[in-house]
Amino acid sequence: MTSHRLASGGLIDRATPIGFSFDGRPLTGHAGDTLASALVANGIRLVGRSFKYHRPRGIVSAGPEEPNALVEKGRGPRREPNTRATTIELHPGLDAASQNRWPSLAFDIQAIAQFAAPILGAGFYYKTFMWPAALWERLYEPAIRRAAGLGRLSGAADPDAYEKAHAFCDLLVIGAGPAGLAAALTAGRAGARVILVDQDFRLGGRLLCERVEVDAMPGPVWAGEVEAELKSLSNVRILTRTSAFGLYDGEVGAVERLTDHLPVTPAGEARQRLWTLVPKRILLAAGAIERPIVFGGNDRPGVMLASAMRTYVERYAALPGRQVALFTTTDDGWQTAASFARAGSPLAAIIDARREVPEAVRALAGDVPVFLGARVLDAIGGQSLRAIDIVGDHGRRRLAVDGLAVSGGFNPDLALTTHLGHKPVWSDERAAFIPGDLPANVAVAGAAAGRFTLAAALADGARLGAEAAREAGHTPAETPAFRAGDEPCAVAPLFHVEGGRGKAFVDLQNDVTDSDVALAAREGFVSVEHLKRYTTLGMATDQGRTSSVNGLAILAALTGRTIPETGTTRARPPHVPVAIGALAGLHRGRDFKPTRLTPAHGWAKEQGAIFVESGPWLRAQWFPKAGETDWLQSVTREVEAVRAGVGICDVSTLGKIALSGPDVGTFLDRVYANTFSTLPVGKVRYGLMLREDGFVMDDGTTARLGPDEWVMSTTTANAGKVMQHLAFCHQVLWPELDVQMVSVTEQWAQFAVAGPRSRDLLEALFGPEADVSDAALPYLGCTTLALGPTRARLFRISFSGERAYEIAVPAGYGDALARALMAAGRDLGVTPYGTEALAVMRIEKGHVAGAELNGQTVARDLGLGRMLSKKKDYVGRLMAERAALNEASRPTLVGLKPTVAGVRLRSGAHVLPLGVPPTAEHDQGYVTSTAYSPTLGSWIALALVANGPARHGEEVRIHDPVRSGDVVATIVSPVFVDPEGARLHG
Amino acid sequence: MRIPCPYCGPRDSSEFAYHGDAAPRRPAVGNAAAMADYVYLRANPAGPMEELWYHAQGCRSWLVVTRDTRDHAISNARLAATRSPA
Amino acid sequence: MADPVSDWTHRGGFAGLSRRIGSGEGLKAVERAGLAAATVIARRGKAADAATALGRMLGAPVVDGGKRTSGGDVTVLGTGPGTWLVFGDRPALVADLTAALDGLAAVVDQSDANAILDLSGPRLVDVLEKGLRLDLHPAAFAADDVAVTAIAHVGVTLWMSDDRATVTLAIPRSLAGSLLHWLEASARPVGLTVEAD
Ligand SMILES: [Zn+2]
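Residue numbers (the working numbering), protein chains in the order written: chain A, 45 to 1030; chain B, 71 to 156; chain C, 747 to 943.
Just chain A, same shape as in the assembly (with noise of 0.2 angstroms):
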């Protein structure tokens, strides 16, 4: 049996003992343990150094509210820093350590600066490192990491594997103390969906803390068998080890630790549950979490919660201290007395700052010695409390003591009620802030709600749970009426004790003291808000938990204010730390967002294709082929391959609309900028699309395959966006258009055939019988003709300006055509090509495209303001008319090419005149789209450049300061080959 182990009661498995280590000292705790109650059997005071003093510090509470005890548990990439003892459940092969001390935790260097603490007062970093900024990164920041880091990232990636999930319910509660015990099986009996959370691996609360009695059974006994009941039940879900974090608009959202609890995850097995809870009703029965009281070296290890103590000494049977005194100003603390009486280890002393006691309060310690009217003025040990110095009626006086249970009075956990903005107010008569204006949905149960005995919690969680169930259509049997004492709990506020000679800490984990609040307040930071940021209380991972209510009690006291005059507290979620993890889910790296894959995808992955990504799709970006070492020369062969004989590429990417009504044609003419209602059957009509403020949306083709069957084809990157936008123009802007629209980019795979030889290929393909002549299908025509046991649709149109066609197969065909275009023009010397050469032919060609629809274009920019008819309203007409958007001296789409030949362009760089200094007064514009042009043996770019079209042949600076590029190149026509269209036709 480990030193401060009790030998007989406690909730843990005697039978299983646990090895676990710390600091890598093996130690031996139970099943059932925490790692904090685990230290505390091993009669391990010291477990941390402070944040800003390396302070020596021991286990405050033995809660979620832990403000010392942090440690780093797990090794290598599962190294998780900032863990709280209190809340880690013990498992065989538990590797923790101590965090924030050097070289080690006994002996720990930067203790020195406490000696320092004159200059580490609030706004200390504020007013120390203002300037000059430039240190910041270099010197300041990573010092104060340094000294200051709250325990040590890994540095490796996450190794463990996360989920989310949705759960819906009538009744979520929050808590499964008496409170929440009570609703949920009220509500669960009455037959309404209930869902309980509880962040302990074991529902019952205080009930597994406390000696009390639940319809004449002990606590532990009364919770188990509700646990049982509630089991039973259908209808009820059971969470444990599930921390509810935040309340959010109408849902909670709660983290459910899996596997933390394992010596192995076991494969397969998420570590974390991320839990969207969807529920009708919400009743929050957290409980309350003591208050400690500020007085001098209140830090020391072995001043704890009175509560806290009570919970290791009956949940744990471990022994916090042999020597203990209780410094309380709440009948509660007494207990504690009771508690160490029963173990056989009676308090040294009970020092209460009030000088009246009910009788059956001070019946609670025995023969212990009792000091009324006293406080406790300092605390005194290093690395373990040695002796409190107490001041009262008798005078002062030393009390030898190694341990100090201290309780000022209970903070209902009311965090979550806040986190919407709803505020608590405070209760003089509980010296605690309690519900006010709740979310609607949220009720508070218990001493959540400041009603603090157990009777009143069990009688709380009843009636409210009974009112959820009816609420949602159930009807309870009848409210049942748990039998339970309602014991003593008066409190006579007492916050701070001043006089005291060693720090006074409000803030543990923050180190702030009274003397920083103190600061604070003469420095004017007197609002509640400013406080927390000048000094940093309340902040990090306990969320001021022990410290909000104190920071708020002493800056009242030192403005000469009441309590609800200086503010209140309030949260935002998330109330205890998320992993990261856990919010990704299973959206990482490459899975962050989905991937689509064309239908020929697999087709392209056996050519050897390079995919890239292209908005939500991979698109083979080129077709390696053996001997080929570098992209340029793949890319280069497959241009000049098409631009000599045929080649084909997979544009199934490209959105796909079909359109169908008596109306499309006057809704086409309002969406485009050009005009659609002429469009005979069989034609194709390129298109420009603007936004509401005359600047391009999107560009593509619509054809007219029949009287009433209309297809649209929108650039891969804004398919979805068009697709909105359309179903914006319908329904929000002309509803009493006879219209109809659906997506069929999923339908069709489709296939550019481009080359001169391309309608060789196509007759290949089609066969004898079908007619793809000029005459039956010329440019801009369209078709549908049968192809193997379907049908495809084919278009005429041209990307790269060579003869050319898009070919559409139902997308279960799409493997297969890419097939049979492969065959069909093995003999044409038929060359697969990526989204490269696309880019480069389209670049040669002059087409724009995402770079030049980039959102700050109007059409007259790109050369396209011939396409704004005149002769309608379209979306996007009126803004585009603007004067300023019409200027000469805006940015105009042109082509470059440097002076010499083999220079390389890159898109990104700015254009200057020549001669003048490289700065933003003198910037023309910028580079576009680059591209080698095989076809002109030379990089070519195009640019937006002001004046464009007014200055071919004019000689300009292209200077790319990022990547040290300065050539010289001449400004020319956008469009680089074949200018006349001769190819387009032949």
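Hints were generated in silico from the structure; no laboratory data involved. Mixed in with the good hints, there may be bad ones.
[To be verified] Chain B regions said to be covered by chain A (calculated; three or more residues, Cβ under 8 angstroms):
#: 1; stretch: 112-123
#: 2; stretch: 138-152
[To be verified] Calculated lysine-lysine pairs in the DSBU-like style (CA-CA distance at most 30 angstroms, straight line):
#: 3; chain 1: C; residue 1: K813; chain 2: A; residue 2: K765
#: 4; chain 1: A; residue 1: K649; chain 2: A; residue 2: K669
#: 5; chain 1: C; residue 1: K774; chain 2: C; residue 2: K792
#: 6; chain 1: C; residue 1: K792; chain 2: A; residue 2: K765
#: 7; chain 1: C; residue 1: K774; chain 2: A; residue 2: K275
#: 8; chain 1: A; residue 1: K649; chain 2: A; residue 2: K637
#: 9; chain 1: A; residue 1: K914; chain 2: A; residue 2: K727
#: 10; chain 1: C; residue 1: K813; chain 2: C; residue 2: K774
#: 11; chain 1: C; residue 1: K813; chain 2: A; residue 2: K324
#: 12; chain 1: A; residue 1: K649; chain 2: C; residue 2: K774
#: 13; chain 1: C; residue 1: K792; chain 2: A; residue 2: K637
#: 14; chain 1: A; residue 1: K727; chain 2: A; residue 2: K915
#: 15; chain 1: A; residue 1: K765; chain 2: A; residue 2: K916
#: 16; chain 1: A; residue 1: K914; chain 2: A; residue 2: K765
#: 17; chain 1: A; residue 1: K324; chain 2: A; residue 2: K547
#: 18; chain 1: A; residue 1: K637; chain 2: A; residue 2: K765
Glycine included, every Cβ here is placed at the ideal spot set by N, Cα and C.
With the hints as your guide, set chains B and C with the ligand onto chain A.
The following block gives chains B and C with the ligand in isolation, referenced to the frame of chain A:
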């Protein structure tokens, strides 16, 4: 946040795309000043506001949703296509 | 002249993606391939008439709402106001619909647009709640309800069998791999079998 789509029922807000104030109506042809207001001018009320949302991952309807900008409480949602013309 | 092209194999969205994960028993996913499909969108003001015409074709009443109606080999799913996604085990589905809905609705062939999975097995609900942001409890989702929603950013049309034992997902076929990534990760602890066409 869950938005009560009149067609689909209550749905997670991540299924929707937000557009903004539903009050501005596209002006009749030719009025450039009114068009500039329609494109750029927005009220920013603290309180209930009619907004346009698109149920992109659902029924693909544009909705007029009445949402209180102070607490996100949604009091009404209807199909934009069925509202009366401006 | 090239060799004649003879091999016109039709491939479903999940082609080549069959797999067995773990015990394979928690969830079974079977691709339903080869169904014809069409989007039916009522002409302006004709939603009720189009529903009636669809109902006549099925021999069961069809409503303008998110409901499933089955009749013979045809299943009609309400996917939006005046809009239905229709699946049928007959090659002439699109032609039949076009004839039945002449003047009442646009009919657009979508036979190859979707990849369809029938999901069943003892852990069906547990796996679905890891992706679905919808309440499938009988109190909230009737057996003939249809939902157009998303799982792991993948748009899905979801419906179930009358006995609720099979949940069917129709997704854009280009996203079949991404959906399986979610399914595999979510079902791994309970075991998954995927039977692609
Ligand atoms: Zn909807």
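Structure-based check of each hint:
Note: the stretch 112-123 of chain B has 1 residues with beta-carbon separation from chain A under 8 angstroms; the three-residue rule is not met and the coverage is violated. For the stretch 138-152 of chain B, the assignment as covered by chain A holds, since 7 residues bring a beta-carbon within under 8 angstroms of that chain's beta-carbons and 3 suffice. Distance check on the hinted pair: C:K813 and A:K765 sit about 28 angstroms apart at the alpha-carbon level, within 30 angstroms; holds. In summary, the hint linking A:K649 to A:K669 is supported, as the alpha carbons are separated by about 13 angstroms, within the 30 angstroms threshold.
Of the pairs offered as hints, the one joining C:K774 and C:K792 is violated, with about 40 angstroms between alpha carbons and a cut-off of 30 angstroms exceeded. Distance hint between C:K792 and A:K765 is fulfilled; the C-alpha atoms sit about 28 angstroms from each other, no more than 30 angstroms. At most 30 angstroms may separate the alpha-carbon atoms for a hinted pair to count; C:K774 and A:K275 meet this at roughly 27 angstroms. As the CA atoms of A:K649 and A:K637 are separated by approximately 21 angstroms, the hinted pair is consistent with the 30 angstroms bound.
Annotation: proposed proximity of A:K914 to A:K727 holds, straight-line Cα distance about 23 angstroms (limit 30 angstroms). Our distance criterion of 30 angstroms between C-alpha atoms is met by C:K813 and C:K774, whose separation comes to about 25 angstroms. Only pairs whose Cα atoms come within 30 angstroms are accepted, and C:K813 paired with A:K324 is accepted, the gap being roughly 24 angstroms. For a cut-off of 30 angstroms, the pair hint linking A:K649 to C:K774 stands: about 29 angstroms separates their Cα positions.
Between C:K792 and A:K637, the direct Cα distance comes to roughly 38 angstroms. Violation of the 30 angstroms bound is thereby established for this hinted pair. This hinted pair checks out: A:K727 and A:K915 have alpha carbons roughly 21 angstroms apart, not beyond 30 angstroms. The straight-line distance between the Cα atoms of A:K765 and A:K916 is roughly 24 angstroms, inside the 30 angstroms bound, and the hint therefore holds. Restraint check for A:K914 and A:K765: satisfied, since their Cα atoms lie roughly 26 angstroms apart, inside the 30 angstroms limit.
A threshold of 30 angstroms between alpha carbons decides the hint, and for A:K324 with A:K547 the separation of about 48 angstroms lies outside it, so the pair is violated. As the CA atoms of A:K637 and A:K765 are separated by approximately 17 angstroms, the hinted pair is consistent with the 30 angstroms bound.
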